[in-house]
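Trainee: So the chains spell out like this:
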Amino acid sequence: MKEKKSELLLRVYILFFTVLAVAIVLFLKTAQIAIVEGDRWSAKGDSLYLKYVSIEADRGNILSEDSRLMATSIPFFEIRMDLNCDGLTDELFNQHIDSLSYYLSRLVYQDQSKEQVKQRLKAERKRGSRYMLVKRKVNYEELEKIKKFPLFRLGRNTGGLIVVRKSQRQMPFKSLANRTIGKVGEGAKPVGLEGYFDSTLSGEAGKKLMQRVAYNTYIPVNNLTEIEPKSGADIQTTINLDMQDIAHNSLKDALKHHNAQFGTAIIMEVETGAIKAIANLGKSKYGYVEDTNHAIGEAFEPGSTFKLPSIMALMDDGLAGPNTKVNLENGQTRFYDRYMRDSHFHGLDEVNMEKAFEISSNVGIAKLVNQLYRRQNNSRGYLRKLRQFHLDRKTGIEVMGEADAFVKNPDRKEDNWSGITLPWMSIGYEVEVTAIQMLNFYNAVANDGKMMKPYLVSKVFHEGELVKEFKPRVLNNQIAKESTIEHAQTLLENVVVRGTAKRLKSNQYDFAGKTGTAWFDYDIEAQTKKYRASFIGYFPADKPKYSIMVLISDPKQNGFYGGAVAGPVFRSIADQLHAYDTDFAKSFTKAESNWANSEKVFNSGYKSDFKKLNDTLGFEMNFPPTGNWVNIESEAHSLIAERIAFNKSKLPDVVGMGLRDAIYILENVGAHVELSGSGKVKEQTIRKKEGLQTIVELKLE
Amino acid sequence: MTNIATIHSNLKGDKTIWFIVALLAIFSALAVYSSTFSMAYASLKSSESYLLKHTIIIGFGLILTYGSYRMHYMQYSRLAPILLLLAIPLLIYTFLFAPEINDARRWITLPIIGMSFQPSDFAKLALIIFVARAISSRQENIKDFRSAFLPIIVPVIIVCLLIAKDDFSSAGLLFLTCTLMMFVGRVDLKYIGLLILLGVLGIAFLIILGNIFPEEFRTDTWFARINSFITNADGGWQIQQSKIAIADGGIFGVGPGNSVQRNFLPYPYADFIYAIICEEYGLFGAFVIISLYMGLFYRCTSIVTKCQKNFGAMLAIGLCLSLVIQAFANIAVSVHLVPVTGLTLPLISMGGSSLLFTCISFGIILSVSRYIEANIKTKSIDMYPAYEGYH
Numbered sequence: 001m002k003e004k005k006s007e008l009l010l011r012v013y014i015l016f017f018t019v020l021a022v023a024i025v026l027f028l029k030t031a032q033i034a035i036v037e038g039d040r041w042s043a044k045g046d047s048l049y050l051k052y053v054s055i056e057a058d059r060g061n062i063l064s065e066d067s068r069l070m071a072t073s074i075p076f077f078e079i080r081m082d083l084n085c086d087g088l089t090d091e092l093f094n095q096h097i098d099s100l101s102y103y104l105s106r107l108v109y110q111d112q113s114k115e116q117v118k119q120r121l122k123a124e125r126k127r128g129s130r131y132m133l134v135k136r137k138v139n140y141e142e143l144e145k146i147k148k149f150p151l152f153r154l155g156r157n158t159g160g161l162i163v164v165r166k167s168q169r170q171m172p173f174k175s176l177a178n179r180t181i182g183k184v185g186e187g188a189k190p191v192g193l194e195g196y197f198d199s200t201l202s203g204e205a206g207k208k209l210m211q212r213v214a215y216n217t218y219i220p221v222n223n224l225t226e227i228e229p230k231s232g233a234d235i236q237t238t239i240n241l242d243m244q245d246i247a248h249n250s251l252k253d254a255l256k257h258h259n260a261q262f263g264t265a266i267i268m269e270v271e272t273g274a275i276k277a278i279a280n281l282g283k284s285k286y287g288y289v290e291d292t293n294h295a296i297g298e299a300f301e302p303g304s305t306f307k308l309p310s311i312m313a314l315m316d317d318g319l320a321g322p323n324t325k326v327n328l329e330n331g332q333t334r335f336y337d338r339y340m341r342d343s344h345f346h347g348l349d350e351v352n353m354e355k356a357f358e359i360s361s362n363v364g365i366a367k368l369v370n371q372l373y374r375r376q377n378n379s380r381g382y383l384r385k386l387r388q389f390h391l392d393r394k395t396g397i398e399v400m401g402e403a404d405a406f407v408k409n410p411d412r413k414e415d416n417w418s419g420i421t422l423p424w425m426s427i428g429y430e431v432e433v434t435a436i437q438m439l440n441f442y443n444a445v446a447n448d449g450k451m452m453k454p455y456l457v458s459k460v461f462h463e464g465e466l467v468k469e470f471k472p473r474v475l476n477n478q479i480a481k482e483s484t485i486e487h488a489q490t491l492l493e494n495v496v497v498r499g500t501a502k503r504l505k506s507n508q509y510d511f512a513g514k515t516g517t518a519w520f521d522y523d524i525e526a527q528t529k530k531y532r533a534s535f536i537g538y539f540p541a542d543k544p545k546y547s548i549m550v551l552i553s554d555p556k557q558n559g560f561y562g563g564a565v566a567g568p569v570f571r572s573i574a575d576q577l578h579a580y581d582t583d584f585a586k587s588f589t590k591a592e593s594n595w596a597n598s599e600k601v602f603n604s605g606y607k608s609d610f611k612k613l614n615d616t617l618g619f620e621m622n623f624p625p626t627g628n629w630v631n632i633e634s635e636a637h638s639l640i641a642e643r644i645a646f647n648k649s650k651l652p653d654v655v656g657m658g659l660r661d662a663i664y665i666l667e668n669v670g671a672h673v674e675l676s677g678s679g680k681v682k683e684q685t686i687r688k689k690e691g692l693q694t695i696v697e698l699k700l701e
Numbered sequence: 001m002t003n004i005a006t007i008h009s010n011l012k013g014d015k016t017i018w019f020i021v022a023l024l025a026i027f028s029a030l031a032v033y034s035s036t037f038s039m040a041y042a043s044l045k046s047s048e049s050y051l052l053k054h055t056i057i058i059g060f061g062l063i064l065t066y067g068s069y070r071m072h073y074m075q076y077s078r079l080a081p082i083l084l085l086l087a088i089p090l091l092i093y094t095f096l097f098a099p100e101i102n103d104a105r106r107w108i109t110l111p112i113i114g115m116s117f118q119p120s121d122f123a124k125l126a127l128i129i130f131v132a133r134a135i136s137s138r139q140e141n142i143k144d145f146r147s148a149f150l151p152i153i154v155p156v157i158i159v160c161l162l163i164a165k166d167d168f169s170s171a172g173l174l175f176l177t178c179t180l181m182m183f184v185g186r187v188d189l190k191y192i193g194l195l196i197l198l199g200v201l202g203i204a205f206l207i208i209l210g211n212i213f214p215e216e217f218r219t220d221t222w223f224a225r226i227n228s229f230i231t232n233a234d235g236g237w238q239i240q241q242s243k244i245a246i247a248d249g250g251i252f253g254v255g256p257g258n259s260v261q262r263n264f265l266p267y268p269y270a271d272f273i274y275a276i277i278c279e280e281y282g283l284f285g286a287f288v289i290i291s292l293y294m295g296l297f298y299r300c301t302s303i304v305t306k307c308q309k310n311f312g313a314m315l316a317i318g319l320c321l322s323l324v325i326q327a328f329a330n331i332a333v334s335v336h337l338v339p340v341t342g343l344t345l346p347l348i349s350m351g352g353s354s355l356l357f358t359c360i361s362f363g364i365i366l367s368v369s370r371y372i373e374a375n376i377k378t379k380s381i382d383m384y385p386a387y388e389g390y391h
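One line per chain: the protein sequences are A and D, in this order. With this note's numbering, letter number 270 in the first sequence gets 270, and the count goes up by one each step, no holes. With this note's numbering, letter number 83 in the second sequence gets 83, and the count goes up by one each step, no holes.
If you are wondering where the hints come from, they were derived from the structure by calculation, not from laboratory data. Keep in mind that the hints are not guaranteed to be accurate.
[What the hints assert, rightly or not] Listed below are several chain A residues computed to face chain D (Cβ distance under 7 Å; list not exhaustive):
#1 F27
#2 A34
#3 G45
#4 Y102
[Stated by the list, open to error] If you only want the chain A side, here are some residues facing chain D, beta carbon under 7 Å, derived:
#5 V12
#6 A23
#7 I33
#8 Y140
[Claimed, not checked] Pairwise CB distance ranges (calculated):
#9 D:V288 with A:A21: 13 to 23 Å
#10 A:V53 with D:T55: 26 to 36 Å
#11 A:Q32 with D:A224: 19 to 29 Å
#12 A:E465 with D:A224: 43 to 53 Å
#13 A:A21 with D:A224: 27 to 37 Å
#14 A:L20 with D:A224: 30 to 40 Å
Fair warning: this is a prediction, and the values are worked out from it, not measured in the lab. Virtual Cβ for every residue (Gly too), placed ideally from N, Cα, C.
Sequences and hints are given; from them, build the entire structure.
Mentor: Have a look at this one:
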């Protein structure tokens, strides 16, 4: 028994100490790895280090009113090669290097021979390169070709092909509305629509596991966790590219003509507040370019255009009416120690307010406001009216960086309210507002007192589906009494009929508006004065459709008054809009319905084209249900569309058609067309030549 | 506090082993929570959901531990032949019909419950109980070949061979465990030598079979692992990742939840959980883990020294050896001392059914310690041979 026990104990102890020895060995080995070899393994770990890198989602597009692309992201690819990937054995490498070098030298690097490419690949492989740049910018078609190259076609882990997807923001219409579209990224302050709608446009970034192969260089690891990015949504703006083009070019011409510093032109739809165009152009060494969003991002002293809110305040508070008398004192008066002068000599003294406004008399408006409001709770009544007109705050337009308005307040010490603040404020000094704010105010006047919120984005789409729609929003249903609005409208019309803008009058349409000329570095004793010329107006005067603001800063030649510098831009834009917008063309239908017989108009052609014309211009033609081609005849006061049936045995008659239709029809029956002149087809003669070829001669006029 | 006091007074058995079980369970929860990060990331679930699942399994496991602890260990002796007779057909069934996953047939799904488990885990437990019983009941003539050695070794060979084809490492460890049990159980040293020879022959046999039926055997995997171990001084990719984890941990570790290598190590929550523990808790953590297993082994050997030829002693040492050998084999893989095996770290690694069998093993060990403790308190166990009368 004892023997058994000691034998068993001995064996248990042997076992115990053996296991203990194993445990010690395990611990020592762990310690060896952790401490003795620690640095080596940690360094190796660093080189194998992987991390999740976010993959940017496709950024959404910015579309114009009619869904044309204003900003879009064009994908491109960067091609790299992992010359030391796991699956790329020496055998595989040597087998394919010749053919790969051949393809690379032929299709990627035209300037390098196959041998040069081969040597480079070999050297890079030897060097341990895992992220060799093959080509930085490759488009999709090229990528598809490169993917089929020898070796590359074996994929990431065997062939070493690494494709890095990148994208570049592009604006197909170049500088058009560039600043409104805006920009985000690369450390710059986000601006414009891109900035405001950044979260909508950018979507959700995905994640991808990347492996570090060199300092700050990561390559994607395939077959591992990856979260697909979620693409951004598209936003459809209210911008009409044709109108943007009109505003842009009209403004640009004027800026050049006056050698001005910068300018802005905004077109707004009166009824909805939709912004149809915003042009912002500033002088640069490349000419005039969209640089800063002057329309929204900067507040200016508005000058005379601010006289409208001033007199509207007086009328709305019942303090004055259009016929209230005021003495212009020959164009000069004094408030405390400061003189105020009218910009033009007029030699008038006693006039009514209407006249003072029409000729934009500083003295007249300032005296009225000063006299009538000073007694009203020390100017606060006037300020209350400005608040009622929303002139003290941002419009809330969806553009990053809308500037704050600055309206002085006698209760705020830092504003330095003084005895001359009120009179000067009434004529647009000592107050700062943005262009969009002023335009929005005038737009409300045009819209019979209903103030809309100016907006730029109407819809948000995600992958073609409508996600969100922004409807026009009313900021204030009635910013002033109806009578005030009516008087204001009349006064603005009169500015054009007989006031400071009378030279801008158009015989095509009536419009209303106000000129403004602000002297902007009046506190500097400069040799030359600097001005900011502006014009805000709307048309047609009786049923306003568009309101337009034009502001030109520091014109250096050919005049400086609002009426002379900014006014013509307004006219140019309004003229073109008037011609462009078919709403204005309806009246012309009945007046000249025999146009179809005119020498200059195509009177036969493709049915759908005529149908479109008919729908757009609001004619009331009936089209034959069958056939693709029609001939338009005018009878008495209506137009009739008749089907043209072509006889297969006879050459089609294309007289009266445009060239596009004519060639289409003739070439479809196998004829060859020779032509002379331009316009519509006047004559068609057949000239037969060798074989079956028919030659048709067309004379166009 | 009162709860803990109540538990303390109600839980009999070796307090140290209870303490080790509790610590291992806590380590397990922490390490699994951290190392499932990348898996959770990949499946878009949260690490918490894995932690919850794992905690539930551990909780269930501890209930099993308690249940098997409550059973008198002599009951297992009676169950031994039945369990073994259940295990062998189950292994044959698995061997032939189980679905093939990663070239191996290891898992079957229990009908009704729907839980999948490895019959080899069950067979292991059954075989160890059986061997413990066989050794303790044949103590009188243990040196004899025919009456003692042969009846013990035949079932061992059958079970190990059935497991070996699909799970070579487990079979090897089981064989080693049984051999060591016999060593402790005073089997003649020449037969122990014979067993070692048998083991070598068994390996050779399998390799030959593998060459004849390359489709049926995983010899490719075995050779690849061994080859990688021999030829690659730094170890294969997995081992390198493991070493990086250990090196990053240094002495005090990078802190709980801060592991980086969990992203690269395959099965960081199972096969390479030791590396993750080293990374997060450093050498200090490694020391604690190894000490816990060593402490367990120490307590079990002390049971043997208290009641040498007792069935309970053999049972405790057998189950303990199985756990400790597997633990050390797992650690040895992580520190590149042996080829990659695919063994888990008992009670720490995530993995449902193995964990439950581990918990049962702990329960049985605790049951043994409870009654031995009780007997020592009254009188020496040798004074009460009545327990021997169970078989």
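Trainee: Give a verdict on every hint.
Mentor: Evaluation of the provided hints:
1. With a cut of 7 Å, the hint placing A:F27 at the interface with chain D holds, because the nearest CB-to-CB distance is about 5 Å.
2. Nearest Cβ of chain D to the Cβ of A:A34: about 5 Å, under the 7 Å cut. The hint holds.
3. A hinted interface residue such as A:G45 counts as satisfied when its beta carbon comes closer than 7 Å to some beta carbon of chain D; here the least separation is about 4 Å, so the hint holds.
4. Interface hint at A:Y102: violated, since its Cβ lies 34 Å from the closest Cβ of chain D, which is beyond the 7 Å cut-off.
5. Evaluation of the A:V12 hint against chain D yields a held restraint, the C-beta minimum of about 5 Å falling below 7 Å.
6. Nearest Cβ of chain D to the Cβ of A:A23: about 5 Å, under the 7 Å cut. The hint holds.
7. For A:I33, the interface hint holds, the least distance from its beta-carbon to any beta-carbon of chain D being 5 Å, beneath 7 Å.
8. Taken as an interface hint, A:Y140 does not check out: its beta carbon lies about 29 Å from the nearest beta carbon of chain D, beyond 7 Å.
9. Our hint of 13 to 23 Å for D:V288 and A:A21 holds, since their Cβ atoms are close to 19 Å apart.
10. For the pair A:V53 and D:T55, the supplied restraint of 26 to 36 Å holds, since their beta-carbon distance comes to about 33 Å.
11. Range check, A:Q32 to D:A224: Cβ separation about 26 Å, and the 19 to 29 Å hint holds.
12. For A:E465 paired with D:A224, a C-beta distance near 52 Å keeps the hint of 43 to 53 Å intact.
13. In this structure, A:A21 and D:A224 meet the distance hint of 27 to 37 Å, their C-beta atoms being roughly 30 Å apart.
14. One distance hint, 30 to 40 Å for the beta-carbon pair A:L20 and D:A224, holds here, with the actual separation near 33 Å.
When the structure is compared with the earlier hints, violations turn up for hints 4 and 8 and for no others.
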